[in-house]
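Let the sequences and hints guide you as you build the complete structure.
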Amino acid sequence: MPVLRQIQRRYGIDFRENLGDLVANNTDLERADLTGNVFFAKGQVPPERCAVTYRKTAQTGTGSGTFTAALRVTNLSRRPLDAWAVRFRYGDGQEITGATGGGVAQNGADVPISDPPDGGVIAPGRSRMIEISGKWRDRNTDPSAFSLNTTPCRSR
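Letter by letter, the sequence shown follows residues 276 to 431 in our numbering.
Quick list of in silico lysine to aspartate or glutamate cross-link-like pairs, EDC-like style, CA-CA up to 16 Å:
1) K331 / D367
2) K410 / E370
3) K331 / D417
4) K410 / D385
5) K410 / D367
6) K331 / E370
7) K331 / E406
Here are the simulated distance ranges between beta carbons:
8) A333 / G400: 25 to 31 Å
9) P355 / G287: 30 to 36 Å
10) D413 / G378: 23 to 29 Å
11) N300 / D393: 27 to 33 Å
12) T375 / R414: 23 to 29 Å
13) T343 / N382: 18 to 24 Å
14) N301 / R414: 49 to 55 Å
15) E406 / I282: 48 to 54 Å
16) R431 / V278: 44 to 50 Å
17) V379 / S339: 16 to 22 Å
18) L297 / G400: 29 to 35 Å
19) G378 / P427: 20 to 26 Å
20) E305 / A333: 41 to 47 Å
21) P392 / T425: 19 to 25 Å
Bear in mind the hints are in silico, worked out from the structure with no lab data behind them.
Quick caveat, the model's predicted, so the values are computed rather than measured.
Where is the CB? At the ideal position from N, CA and C, for every residue including glycine.
Take a look at the structure:
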């Protein structure tokens with residue numbers, strides 16, 4: 276503890292401050308403009324564990340058409356996820372046309388869905404439901420490689 280007190284006296288840094296506080300104190304950035312944990316993109320701290328359930332709820336067409344699906348993302352860690360993004364991969368060229376419960380930014384086969392602008396904390400042991408609508412052609416297989424803030428999720 277004496278070393279921490281020396282740092283506090285010499286540099287004016289309180290050992291209870293975090294990196295975001297130090298950045299705000301030494302730049303023109305406001306603390307409120309920085310994420311809670313500046314080590315993770317958009318504050319998306321990885322959970323220890325997570326689970327996902329993906330279920331097609333409707334499908335039209337025979338060689339191509341539209342579909343809807345329900346995606347349930349569950350935070351199995353001990354801390355809430357204030358900022359989050361679930362990512363997965365479509366293997367057959369499906370294209371998402373809309374989603375409720377999160378913002379979509381599809382890039383080819385890779386699909387990230389992030390927390391909505393109005394918030395969307397996923398509390399420990401709780402789930403978030405996302406309704407997806409999209410188009411398919413040839414085949415409409417379920418996606419793979421689910422992750423939540425970079426943590427691979429088990430599929431249920």
